[in-house]
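Protein chains in written order, with our numbering: chain R, 1 to 138; chain B, 1001 to 1117.
Hint data in this document are derived by calculation from the structure and do not stem from the laboratory. Ideal Cβ placement from N, Cα and C applies to all residues, glycine included. Any given hint might turn out to be false.
If you want a taste of the chain B side facing chain R, the calculated C-beta under 7 Å gives, among others [said to hold, decoys possible]:
| hint | residue |
| --- | --- |
| 1 | S1037 |
| 2 | A1068 |
| 3 | T1070 |
Listed next, the stretches of chain B that the computed footprint assigns to chain R, with coverage defined by at least 3 CB atoms under 8 Å from CB atoms of chain R [as the list claims (entries may be wrong)]:
| hint | stretch |
| --- | --- |
| 4 | 1006 to 1018 |
| 5 | 1087 to 1094 |
Now the in silico label distances, taken between C-beta atoms and shown as ranges [to be verified]:
| hint | chain 1 | residue 1 | chain 2 | residue 2 | range |
| --- | --- | --- | --- | --- | --- |
| 6 | B | A1074 | R | G72 | 24 to 30 Å |
| 7 | B | A1111 | R | Q122 | 51 to 57 Å |
| 8 | R | P33 | B | I1093 | 42 to 48 Å |
| 9 | B | I1093 | R | T126 | 31 to 37 Å |
| 10 | B | E1006 | R | H53 | 34 to 40 Å |
| 11 | R | R135 | B | G1018 | 25 to 31 Å |
| 12 | R | V17 | B | I1093 | 23 to 29 Å |
| 13 | R | T126 | B | A1111 | 56 to 62 Å |
| 14 | R | S61 | B | V1114 | 19 to 25 Å |
| 15 | B | P1085 | R | R123 | 46 to 52 Å |
| 16 | R | D11 | B | Q1084 | 28 to 34 Å |
| 17 | B | T1104 | R | G98 | 43 to 49 Å |
What follows is each chain in one-letter form.
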Amino acid sequence: MTERRTSVSNDASQLSVLNDFLQEFWSAASLPPAQAMTFELALEEVFMNVVMHGSHPGTVSLVDVSLIFTAGGVTMTVEDTGPAFDPLTLPRPNIEAGIDDRPVGGLGVFLVRELMDAVTYQRIGTHNQLRMTKRIDR
Amino acid sequence: MKVTVETVELTTLVIPVGRLDFGASAEFQKHVETAISGAERAPAAVIIDCAALEYVSSAGLRVFLMAARTAKPAGVVFAVCALQPSVREVFDISGFSRLISVHTDRAIALAHAVRPA
């Protein structure tokens, strides 16, 4: 089992810090580099949602990220202290829509749900917790 | 991310190198918008050559969508080419492979890059 945890402030500049954190975990767990993209993308989409929409205006708060590799695969958990918000309630974007009708937003959460095997949301006290799992074989 | 721009006859090639994430998307968007509007006259086509693009998120996809939307009324052919497998996967899942012309390599994309009649 390989496990890593970190906390960063809810600031867009921390995205590259989180990506470095993910890459370090990925090589420590000897996981295939070609499969890191799913988690890179999920981490960016979930973190940026928290940065843009998930915090009380003008406040700095921490976002906690943990990564665990076990025989079952990789589980990533992202927690923030913003207002209660379950991103899994967002409607699925219409991916059949034509070029002028396609909404510009709403794709991030959709991509995360499509790329992961399982995504769950829980409100725990004052925290939003989003947990994502995907089977990865070494 | 690094972006280079090349011109082949009436086609402008925009070549992103590295990761197109939230942090890189604004600069990439500037390059793409400049290519579509053209410096002195509009190009016949703008091709994003993705051979060295390692990663794209929804922030990056948004630039591709806005570019395709701007190119259409301007009469500029817009296409992407040479997607790496992980980028291709994101294009496929999001439905962008159907919205935007995707070519396997630069030569094929250039062959299709003609001004519409």
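**Prompt:** When the hints from earlier in the document are held up against this structure, which numbers fail?
**Reply:** When the structure is compared with the hints, numbers 1, 3, 4, 6, 8, 14, 15 and 17 turn out to be violated.
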